[in-house]
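Enquirer: Construct all of the structure, not just a fragment, from the sequences and the given hints.
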Amino acid sequence: MMRPRNDGATECGRREFFGFAAAGLLSVVPSFRRFVPVQDTLPSTGPSGRLWDPARAGRPLDPVVAADNDAAIQAIEKQLHCTCGCNLDVYTCRTTDFTCGVSPEMHRQVIALAERGMTGQQIVDQFVREHGLTILMAPPKRGFNLAGYFTPAIVIVLAAGVLTFVLRRWARAASGVPAAAPAAPTVTAAPEELERLRRELDQLPT
Amino acid sequence: MTLLGTLALWLAFLLGVWGALAGFMGGLATPPRPDLARSARHAVFAMCGALLVAVVSLEWALFQHDFNVEYVAAYTSRNLPIFYTWSALYAGQKGSLLFWATVLSVFGSLALALTSRRHRHLLPHVAGVVSVVAAFFISVMLFGHANPFQRLPYTPLDGSGLNPQLQNPGMVFHPPMLYLGYISITIPFAFALAALLSKRLDADWLVAIRKWTLLSWLFLSIGICLGMWWAYVELGWGGYWAWDPVENASLLPWLTMTAFLHSVMIQEKRGMLKKWNLALIIGSWLLSIFGTFITRSGVISSVHSFTQSSVGYFFLAFLIVAGVSSFALYATRLPLLEAEARLESMVSREASFLFNNLLFIGIAFSVLWGTLFPILSELVQGTKVTVGPPFFNQVNIPLGLALLGLTGIGPLIAWRRASLPNLQRQFAVPVTVGVFTGLVLLVAGIRDFYALMAMALGGFVMGTVVQEFARGTGARHRQYGEGYALALGRLLARNRRRYGGYIVHTGIVILFVAFAGMAFKTETEATLKPGESASIRSPYGWTYRLTHLGISQYDALNRQVTAATLDVTRDGTPLGVLTTEKRQHVDALGRPTFQPSTEVGIRSDLREDLYVVLGGVVNGTEQAVFRFTINPLVWWVWYGGMIVALGGLIVMWPGGSPAVKRAQAGYAVRLVEEK
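Chains as they are written, first to last, in this note's numbering: chain A, 1 to 206; chain B, 1001 to 1675.
It should be emphasised that the hints constitute simulated quantities derived from the structure, not laboratory data.
Keep in mind the model is a prediction, meaning the values are calculated, not measured.
Treat the hints loosely; a few may be bogus.
[Stated by the list, open to error] No more than 25 angstroms apart at the CA atoms, straight line, and that leaves these computed lysine-lysine pairs for DSS-like:
1. Lys-141(A) / Lys-1384(B)
2. Lys-1211(B) / Lys-1275(B)
3. Lys-1521(B) / Lys-78(A)
4. Lys-78(A) / Lys-1269(B)
5. Lys-1211(B) / Lys-1199(B)
6. Lys-1199(B) / Lys-1269(B)
[What the hints assert, rightly or not] Partial chain A-side listing against chain B, Cβ under 8 angstroms, derived:
7. Leu-51
8. Phe-144
9. Ala-171
All C-beta atoms in this analysis are idealised placements derived from N, C-alpha and C, irrespective of residue type, glycine included.
Expert: And the structure:
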């Protein structure tokens, strides 16, 4: 069931659910009284008219062009690290909340390089020449970086090998000592005793 | 009140130091010094009281808008909703340190008060360890320029307010849940050190920490899921996990604790893996401190981290000292930790649990390795590299899938030794279900290898779980003549640990399938004037059409809102309207406090989410830029998380006499001795 989300805190179904459920736990329900539905106090001036205060809508944007949705451009941008300090790739950063001023600039640079006929790899290499390896979302698979990619796998494989070796040795040692494995006990109890045992076992809580 | 708060901090610090001295001296003295042990116990209670006074003092300052207090001015404003004013307690570095120390002292007090008489010999050391850790956190506040009661030389008219992204119900509950998870690991760690110090390394300490380990794991699980939900609905990038260093830091102790919850069963049933289990508990606690260090030091850049400050050095020093001393003590006790039984077969539950542990620790290692690799690279080759999602996905997805496979294999293999006919009987149905699932998905056109594997393995694990429930229920039905519903209920109620665990496995399967759904994510950007429409095609084959209805602007309590409304149809069928917003937060004087933030519009159903972000407007008009994303199966992430939490609650639900627990924990030990 979809509903308009004027306030975001009160009218979105999931938030309402999570918010109130957890708030009930912490007994701070009264604080929600502050989240009253709001009035549309500052309407715009008409269809496609100017907003009352455009500054409230964040950074002014240009209309979307075809290159913005180009899968090849997006694939390149997903390999490049935005330098605004957000830890995101250029594509994700420029489309997340559209407040970053750095990722749109990098996006324009990618488009410009693509329009000059450069391939995806050439564009990525150009960024690396300008910014260094930190511009890549993942280090290139060469030199010391190979350690980054393969150390976990090598360690796990080695550990699995050692574990297998040790387990086999233990298992062989156990099979070489027949007495180590307890023999199945001979049942000497009467049927009624077994039944009583069954009932008592059944009453165990765990 | 701030003076009272500072005095309370000092008192708590002194009590912590005394509690540590008295606890360790009382525990190690020969002959025993019960007077010192009692004093340590009382010191922890008193420290808890003092810290609660400090918390009340800080909350008082927050609610009174005492902006002369630097922390209050930095994280609140007069128009901040009460709900978030309360949560400002842990929104900043200094307040969260106070929150941490206080919760630890509460947990420590509960552990000392509630632990059964049988484990009393461990309690002086437990009091000592809790006191040391709490005193450390208090000392960071007092000596690391992190006192939340620090005053400013002037009083601002209003505070800076809380970061808009933290003004979300998810963010109110996600940090405390994670903190509770991190902090409660200290209690099992304290019992582990107590067992090492007292040389009482039988199964007793495991009984004492059983509930605490489950509690930590449960809080961590809930905290991580809430964090994912918050990231999804609030940050606006359309995902829930970005392999950010701070996210990784929360995952590390969860992985090691999960490994422990599996391997401890082998110690309880067979008296094996004593060394390993102790190392896992110590390692989990060190990873929780490591996570704190990552979050607070600024050593690795993260969107989640607190402002870079000197407290990172305190944590690094503490981490090194605690790690070296804990493992040094552990090394001296190794001769006392010999296994009481040996593995009898490679094809046994024990062996499968060991490989399960290997994968958990392997994934933890690879996450840690990736998180620290930028630092390592800078040290070795002088170049700092970025290690983002592509790296982590490449390394961890195969490991995660292997772990999912083992989730289904483990329960199918018998303890001690499995025979071939037994294996055939156990595996037939789950393997058939897994293969059938994979084939159906292949025929349905799914070609993404990892997604296909995740869903096929999910089918296999669900086959295992359903088979286990069906066989258990059927056995009760045959043996006791119970109806199937009653038999299922009693099966679960009387074997909570086993079948609650299977419910957790079900939740994990659902999570993996939901993660796989993101392989089919679709997104597009569009600029729309009012009345114009854009279309986006779902991976399920239908098409959404979104028509821009217009933009309105209005004032809310502490923000100025610009809201765009869209009419949504699916293949021509009206679905309703969706609103997405830009919010400019302001203080009580109307001054902007942060950059405008985005509120996402989300339309969810069980199959997919339609996720709409208002990018901004063109030339100050109602012509707006939108990003539309279709995220398949996201709702199942939240369902999966809830099922994991439900399973965890069932496992830890109180019940069973201490005698029964001890009998379970010491089962193999007695068996061997009696032979």
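Enquirer: Give a verdict on every hint.
Expert: Going down the list of hints, with the structure as the test:
1. Lys-141(A) / Lys-1384(B): Holds, at about 15 angstroms.
2. Lys-1211(B) / Lys-1275(B): holds, 20 angstroms
3. Lys-1521(B) / Lys-78(A): holds, 14 angstroms
4. Lys-78(A) / Lys-1269(B): violated, 49 angstroms
5. Lys-1211(B) / Lys-1199(B): The given pair, whose Cα atoms are some 22 angstroms apart, holds under the 25 angstroms limit.
6. Lys-1199(B) / Lys-1269(B): Cα-Cα ~21 angstroms, so holds.
7. Leu-51: holds, 6 angstroms
8. Phe-144: Hint holds; Phe-144(A) Cβ to chain B Cβ min 5 angstroms, cut 8 angstroms.
9. Ala-171: Because about 5 angstroms separates Ala-171(A) from the closest Cβ in chain B, which is inside the 8 angstroms limit, the hint holds.
In this structure, the one hint that does not hold is number 4.
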